[in-house]
Every structure is written in C-alpha cells, then in structure tokens.
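Peer 1: Respectively, the protein sequence lines represent chains U and X. Residue numbers for the first sequence follow the numbering used here, so the first one is 1 and each next one is one higher. Residue numbers for the second sequence follow the numbering used here, so the first one is 1 and each next one is one higher.
Keep in mind that a hint or two might mislead.
[Said to hold, decoys possible] Derived, one-sided and incomplete: chain U residues facing chain X with beta-carbon distance under 10 Å:
#1 Pro-60
#2 Met-63
#3 Ser-328
#4 Met-329
#5 Ser-330
[As the list claims (entries may be wrong)] Each computed DSSO-like pair below joins lysine-lysine, with the alpha-carbon atoms no more than 27 Å apart:
#6 X/Lys-33 <-> U/Lys-234
#7 U/Lys-18 <-> X/Lys-147
#8 U/Lys-64 <-> X/Lys-98
#9 U/Lys-160 <-> U/Lys-147
#10 U/Lys-64 <-> U/Lys-160
#11 U/Lys-227 <-> X/Lys-159
#12 X/Lys-69 <-> U/Lys-160
#13 U/Lys-22 <-> X/Lys-147
#14 X/Lys-33 <-> U/Lys-64
#15 X/Lys-194 <-> U/Lys-18
#16 X/Lys-106 <-> U/Lys-18
#17 X/Lys-106 <-> X/Lys-147
#18 X/Lys-144 <-> U/Lys-18
#19 U/Lys-64 <-> X/Lys-159
#20 U/Lys-160 <-> U/Lys-174
#21 U/Lys-64 <-> U/Lys-143
#22 U/Lys-22 <-> X/Lys-33
#23 X/Lys-69 <-> U/Lys-64
#24 X/Lys-201 <-> U/Lys-221
#25 U/Lys-64 <-> X/Lys-93
#26 X/Lys-98 <-> X/Lys-194
[Said to hold, decoys possible] Cβ pair distances, simulated, as ranges:
#27 U/Asp-55 <-> X/Gly-142: 18 to 28 Å
#28 U/Asp-55 <-> X/Gln-185: 23 to 33 Å
#29 U/Asp-65 <-> X/Gly-142: 37 to 47 Å
#30 U/Gly-158 <-> X/Tyr-85: 41 to 51 Å
#31 U/Ala-34 <-> X/Glu-132: 27 to 37 Å
#32 X/Arg-102 <-> U/Lys-18: 20 to 30 Å
#33 U/Lys-160 <-> X/Tyr-85: 22 to 32 Å
#34 X/Gln-154 <-> U/Asp-25: 52 to 62 Å
#35 U/Gln-243 <-> X/Glu-123: 47 to 57 Å
Calculated from the structure, these hints are not laboratory results. Each residue gets a CB set at the ideal place from its N, CA and C atoms; glycine is no exception.
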Amino acid sequence: MKNIEDFLTHPEFIRWVKRPDKELDAYWNQWRKANPEQLSSMRLAKEILLRTEFDHSEPPTGMKDEVLQHVLRLRERAAPSSSNIGEKHRPKWTWIFWDGLGQMSRVAAILVASFVLGWVLAPISQVNLEPHLAQIEETYIQKITGKGEKMQLTLSDGTKVWLNSSSEVTFPEKFGNENREISLRGEAYFEVVRDSLRPFMVQTHDLQTTVLGTSFNVNTKESGKTKIALLSGKVEVSSSQSQVSLVPGEMLNFDNVNATFDITGFSTSQVLGWKDGVLRFQKASLREVKEGLEEWYGVEIKLKNEKGINWQFSGEYPQQILEEVLESMSYIKDFDYQINDKVVTLTF
Amino acid sequence: MPVKKFLPSYLESEKALSIEEPGAFSSDASAWKAFREGNESAFIYIYECYFHVLYAYGFRIMADSSVVKDALQDMFINLRERRQYLGDTDDIKFYLFKCLKRRLIKDFSTWQGRKEGLEAIPEGIHFALSHETQLIDQQLTGEKIVKLNAAIAQLSPRKREIIYYSFYEGLSYAQIQEIMGLENQQTTRNLMYKAIRYLRKMI
Numbered sequence: 001m002k003n004i005e006d007f008l009t010h011p012e013f014i015r016w017v018k019r020p021d022k023e024l025d026a027y028w029n030q031w032r033k034a035n036p037e038q039l040s041s042m043r044l045a046k047e048i049l050l051r052t053e054f055d056h057s058e059p060p061t062g063m064k065d066e067v068l069q070h071v072l073r074l075r076e077r078a079a080p081s082s083s084n085i086g087e088k089h090r091p092k093w094t095w096i097f098w099d100g101l102g103q104m105s106r107v108a109a110i111l112v113a114s115f116v117l118g119w120v121l122a123p124i125s126q127v128n129l130e131p132h133l134a135q136i137e138e139t140y141i142q143k144i145t146g147k148g149e150k151m152q153l154t155l156s157d158g159t160k161v162w163l164n165s166s167s168e169v170t171f172p173e174k175f176g177n178e179n180r181e182i183s184l185r186g187e188a189y190f191e192v193v194r195d196s197l198r199p200f201m202v203q204t205h206d207l208q209t210t211v212l213g214t215s216f217n218v219n220t221k222e223s224g225k226t227k228i229a230l231l232s233g234k235v236e237v238s239s240s241q242s243q244v245s246l247v248p249g250e251m252l253n254f255d256n257v258n259a260t261f262d263i264t265g266f267s268t269s270q271v272l273g274w275k276d277g278v279l280r281f282q283k284a285s286l287r288e289v290k291e292g293l294e295e296w297y298g299v300e301i302k303l304k305n306e307k308g309i310n311w312q313f314s315g316e317y318p319q320q321i322l323e324e325v326l327e328s329m330s331y332i333k334d335f336d337y338q339i340n341d342k343v344v345t346l347t348f
Numbered sequence: 001m002p003v004k005k006f007l008p009s010y011l012e013s014e015k016a017l018s019i020e021e022p023g024a025f026s027s028d029a030s031a032w033k034a035f036r037e038g039n040e041s042a043f044i045y046i047y048e049c050y051f052h053v054l055y056a057y058g059f060r061i062m063a064d065s066s067v068v069k070d071a072l073q074d075m076f077i078n079l080r081e082r083r084q085y086l087g088d089t090d091d092i093k094f095y096l097f098k099c100l101k102r103r104l105i106k107d108f109s110t111w112q113g114r115k116e117g118l119e120a121i122p123e124g125i126h127f128a129l130s131h132e133t134q135l136i137d138q139q140l141t142g143e144k145i146v147k148l149n150a151a152i153a154q155l156s157p158r159k160r161e162i163i164y165y166s167f168y169e170g171l172s173y174a175q176i177q178e179i180m181g182l183e184n185q186q187t188t189r190n191l192m193y194k195a196i197r198y199l200r201k202m203i
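Only chain U is shown next, with the shape it has when bound in the complex (with noise of 0.2 Å):
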C-alpha cells in the first residue's frame, strides 16, 4: 500500500474503522507495526471515514405502524384472488371480468373453491371414518402436563405442538389417510406441516379448527372462552352452528356458553409468549399474579396483610427462575417473599 486510496477502498480497512472486531484489530495492529511507513497514510485514511457524515432522515412518528397495518390489511382483502391487482381498471364482477383474466388467475380461483369444497366434505370423512377409529383405540397416545410444566411434540406427520402447562392432547400415534385428529384441552401452539390431502382438526370443548398447514395458538384455559390466534396459512373454525376462518394475525374469541364470537387482532408476543418461555403479566390484578405464579412455576402461593391491597402490574420475565421474579416484583410492589419447596409466603 501507498496511499490513502489504497486504504479507502479497501473493504477490510474500512470495516476495522468502522466497526471493529478482535480479529481485525489483530491484524490491522500488526500491519501497522511491520509498515511503520505507512502510518500517516493510514491515519489520515482513518481520519476521513471517521468525518464523514451522511445526510440521514429518520421515519415520521407513526409512519411504521401505519405502513405495517396497511400493508397486512390489504394481504387479508387480497387473499381470495391476489391476481385481480392488476385489473384495477375493470368492471367489478362481470363475465368480461372473468374473460379477461389470465389463465393462470382461473386455476387460482377453483383451487380456493377446492379448498372450501375440502371443509365441507370434511365432516363427511370424520363420520365415516369412526367405526374404524374405534377398532385400533390402543394406539391413541395422550400427553398430560401439570401446573409449573410445558411439553413439545413431534406427531408422527411431522407437525410440531407446544403444550402449555395444565393442559391436555390426545391423537393417534399414526395418523390415517384421510385427516389429522387431535383432541385438546388448555392451551398449545401448532405448526403444522402442510398436508393438502389430509386435513388437520384440533377438536376442543364446542369447537373444530381445521387448516392444512399452518401455525396458530389454541387457548381454552379460561373457563367458557377458546380464543384462537392464527400466525400463518390459514384456519377453519366451525362450532355446530356456524363456521368462520381467520386469516393471519386475527384471533378468534369464542364464548362457549353464549355460543357467540368475536375477530380481534392480537400481540404476538402476549399470546405467544408462553413458549418462548416468557412469563407476562400485564395490568394484572394480585389475584392474577398469584394464579399466574402458581401455575407457571407449580407452587402454592400464600397472602398475608394483603387487605386492601390494589395491584395493576405490568411486567415481563424472560426464562427467570421463580426467585428472581419474586424478587424484582417485591422491589416494585414492597412486599417480602418466603419460599419453602413449594409453598410460597407473600407478606404486605
């Protein structure tokens, strides 16, 4: 090297100035000490990457959210038949409509209608299918999880469940030829893998969801409430009156008792947080808490002088140890905290 082009145009040298690393460190010091020459050379280069400044503009207040819900609404408006982007310019839904449209858009049209032709016949498959089911009941494999305790599976197509804690799956260990059956109660996530022959049914307490691949969360742990978020694919969720699907990152809110619902959106991180292992409370009652604790950890919690006490408490424990929870929340809410194997004392 000679100069500072030499220097400024080399990808490594610029990568040392601006951001270095152990390894470039080494071997930049040690080329500094063998070409003692160079070294004005090399500081001036230096000096001018550190100076130069780049004109930078940073995102309106609320432009990234609003760009996000934009861009995930119009998935959810296009999903049926993106194809009709381009075709902005025609009449609505007329038979010229139809005509005018590329082959291609015709086939994407009847697989949807395929698709729905598979949920309705699906009932039909399960129906059929019971007088065989009861014959080889032996191989129906159930997994159990108590309070304070999480499980994840692998099922025999490949398809992945986490088991929150105090819940319950049932499926057979294989699966036949025309869907996938799996019973729950409590709450698990699934990724499904894709199976268009065979479709995927969670059955819960009023509730089937079917999908064909896909991830979502079942939650039944509330009395009376299935709440099921979609994180992918998509999903069919019929009670005995009515059917409805979700597209991605809606949730379904079903009151088994009313038999009504409801369509939010959700949090991921609330709804998923379980299993990543992150326990959250948020503008949680000490009723709450409690509950929270002990089915997250597997304890009994006792309360005492907690008359009076009003809690709102928001926060977040990722992977801690019922300990360190207790004692970052007894520094917010002043309390002292005994445990003893698996009774805890909480004192106000």
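Dock chain X against the given chain U, drawing on the hints supplied.
Peer 2: Just chain X now, with coordinates in the frame of chain U:
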C-alpha cells in the same frame, strides 16, 4: 415419538423452542426462509428490523417522505404476495435495498418519461466531512476540510453513491456492483478508486 419436557427455568430446551420472537432468528437466511414459507412472525421481525434503515436509504435516493412511504408500502405488499417465488438471501438488508432502489428509480423514471438509466440515483447521495470530530492525532486542518467538502460536492452522483455504499453501508464490491448495475468487480473497484483519488488530490 420424541417428547421433550421442560420447566421455565430450564434454559437448554428453550433454545430449541424459541423461534417466533424478534431477535430469535439465528441468521438472516433462516428469517428469510421462514418468511417465504408463510411465517407471519418472520415477516413482522424483518419489517421491524429493517423499516428504519430502509426509510433512511429511500430518503437518500428520493428526498420526499411520501414517495418513500408509498414505495416501502408497495414493496412490502409485493414481497408478501410473491413470497413463495422469492429467492434465498443471507443478507436481508441488501436484498431489500435492491428492491427499494429499483422501485424508487423506476417510479422516478416513469414521471420523467425516461426509460433508460434505471440504475442511477438522480442526484446522488449527500455527505460531507465534519469539522467537529475530535480525534487524538488530527491531521486535517479546517482549511483542508473545506476544500475536501467542495471536492465531494463536485463528485459525480455515481461516485458519491459508491462511497456511500462502501463507507456507510459496508457493502462488498460484489454487492456494490450488483446494486449499481456495474459491469464487473474491476469496474466497481476502479470507480471507487477514481472517486477517492479525486478527493486525495485536494489535500
């Protein structure tokens, strides 16, 4: 059937499980792959990670907030629609930079009624040497910095663009060649070398 049981404090098994939260993807390649396979968390993760740098880059190409916003929105919608047809990448930032640049330059050319020059940023990217930086062994005087900045302003848009990719974004010559639509890596190096030599003559 493999069954794994774990407690909240049992860290080892958590590693195998954590896949959804931002920051949980082990590499750009795995996040991108998950996105292409329809994983919505992967999309959100990518969006959250890169929105700010993409906006900053877009604004450097076209200093108009609403134009950049529309381009970003269209780009993300388009990526989601075509996700199963997208290629692999182990550098998401670079991949998205290419998409955004193409989109912005194409829009710009359409307004201008032009069809050529799809790869050039119309006015180049602006930068200057700062007088303020406090360095231990300072060699540049205030006078030299003024001269250098005048020289930078005179550089062609392409030369300013290549310095930006190299100094600021840390792109490799192969990546710069691709994003600037240059002939080969030698021409890319030459362009960078000429730009720096022009500046060096000022000192």
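Peer 1: Hint by hint, work out which the structure violates, then give me just those numbers in ascending order.
Peer 2: The structure breaks hints 3, 4, 5, 10, 11, 12, 13, 16, 17, 19, 21, 22, 24, 30 and 34; every other hint is satisfied.
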